[in-house]
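S.K.: So you can see what is in the structure, the chains are spelled out below.
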Amino acid sequence: MKDFAPTSDAPHPPTVSEARLLSVLDTAADGIIVIDEHARILIFNKACEKMFGVTTAEAVGQNVKLVMPTDYARQHDAYVGSYIRTGVKKIIGIGREVQGRHADGTVFPLELSVGEAATPDGRQFIGILRDLRPRKESEQRLADLQSELVHLARVSAIDEMGAAIAHELNQPLTALMLYLQAIRRAHSRGIDIVTVVGDILDKAANEAERAGHIIQRMRQFVEKRDPERHVRPLDPLIDEAIDLTLLGQRHRIRIDRQTGENLPPVSVDPVQIQQIVVNLVRNAIEAAAGVPDPAIEIRTRASDGSVRLEVQDNGPGIAPEALSKLFEAFASSKRRGMGLGLAISRTIAQNHGGDLLVDPGGNGRGACFTLVLPAASMPDEVG
Amino acid sequence: MRVHVVEDDAGVSDSLALILRNIGHTVVSHRDAESLFKGPLPTAPDAVIVDLSLPGIPGAQLVRWLLNLAAPPRVVVITGQSQGFIDHQLRGLVPDGVMRKPLDVDAIARVLPPL
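If you read the sequences in order, they're chains A and B. Residue numbers for the first sequence follow UniProt numbering, so the first one is 1 and each next one is one higher. Residue numbers for the second sequence follow UniProt numbering, so the first one is 1 and each next one is one higher.
Since the hints were derived computationally from the structure, they do not count as laboratory data. There's no promise every hint is true.
[As the list claims (entries may be wrong)] Example chain A residues on the side facing chain B (calculated, C-beta under 8 Å, incomplete):
{"id": "1", "residue": "Ala117"}
{"id": "2", "residue": "Met177"}
{"id": "3", "residue": "Arg185"}
{"id": "4", "residue": "Phe327"}
On a predicted model such as this, the values are computed, not experimentally measured, just so you know. The beta-carbon is built from N, C-alpha and C at its ideal position, and this holds for glycine as well.
With the hints as constraints, model all of the structure from the sequences given.
M.R.: Okay, structure coming up:
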């Protein structure tokens with residue numbers, strides 16, 4: 001301890017131990033500043049020189065306000081004074097985000113933790129500082145990526161829906177157009193169509209109505225809604241979603257649908273659950289597309305207080321190297337973004353208190369995806 | 001001209017038959033390729049309108065078969081699918097016409113002129 005004891009008030013050259021300490025401080029990646037009770041800088045390491053654009057020689061002996069933006073600086077003396085008087089810790093031992101000021105005037109976020117040491121020279125405060133800008137940048141980047149993810153999911157959904165809508169609407173539009181043109185032609189040629197015109201107009205109206213139904217069904221899928229829960233039997237939801245998936249589907253495939261007996265209802269957001277089903281069935285169809293007799297099995301059954309939907313294809317199964325990344329967004333090698341779909345599907349399942357599981361198959365077996373949903377408590381059984 | 005329509009969508013098939021009769025053709029409607037094969041073979045100068053997306057035997061396969069007949073009829077493809085799908089399906093096949101849905105009477109009359 002003697003080594004540190006001041007011999008007089010005048011500055012003295014550092015002793016061997018002090019020099020060793022200072023060189024250690026200079027290797028630290030974090031900024032380290034030590035101040036005395038009067039907020040005068042005693043130690044200002046190399047990392048601080050870079051952080052604040054001030055040399056150690058310039059900094060030592062100055063008030064620490066040197067590296068603070070003006071409004072902080074104004075209050076700093078008061079903080080130190082208040083702590084010394086009252087002993088109430090506002091920052092010491094806690095650490096918080098503050099702002100620092102570079103010599104060029106740039107104000108930037110810092111994480112500051114402060115410790116206190118009693119020394120023969122009086123109280124000293126040791127501040128450890130970390131420039132938060134790189135972290136803020138990565139936070140910003142993460143937020144950007146997340147919003148991109150949401151955007152991509154939406155674009156992908158709109159892209160696929162768009163193709164399906166175009167294909168499905170073409171049928172009633174074609175019929176509608178031709179019915180109307182048939183009437184128009186007959187009319188302009190003075191042909192007597194009185195006996196048939198009512199019939200043709202009815203057919204035309206039916207086609208227009210059919211187009212309207214297609215739009216309605218699609219709209220339910222695209223529109224964003226608040227999460228909701230309805231107690232519903234699962235099978236009709238699944239059947240509707242299968243029909244929707246097969247709209248505009250180019251692959252020819254055999255679908256074997258088996259429904260479980262006495263399935264309890266589930267408490268779900270019907271549209272979200274149907275999105276999962278569409279996703280699973282579409283993936284299964286694509287997975288089976290390359291085999292000679294493409295077929296998928298879609299089964300429901302009750303199991304241990306839950307209802308399970310299994311979608312099994314007879315494709316090649318999922319390669320072990322692909323399995324670990326299967327549910328990660330962007331992991332898919334497929335253009336259509338199966339990974340994104342599965343990531344979202346699993347999230348939806350888990351938000352419902354369930355899960356989405358996979359049996360990868362392989363060696364002649366196709367993959368099987370299982371959607372597990374907790375059974376809803378039975379509605380009041382009155383009478 | 002006798003025109004065979006091979007189209008599984010009832011609304012499209014019915015309205016197409018109406019407009020074809022309207023412009024003077026005789027129409028025979030089929031739900032799929034299989035039912036076309038049950039009747040007498042279409043030959044020139046008949047025409048066959050084939051929807052590319054048929055249940056059972058695919059439309060493109062029917063088109064190939066018709067074009068390979070000794071006296072092929074005129075073959076007109078109709079479809080609501082994307083251009084990429086059409087190109088892929090029709091690789092190497094040259095039908096007498098390709099019409100994309102929605103159809104209208106002018107397009108039909110251009111490929112199968114009224115009598």
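S.K.: Flag every earlier hint the structure violates by its number, smallest first.
M.R.: Those not satisfied are hints 1, 4.
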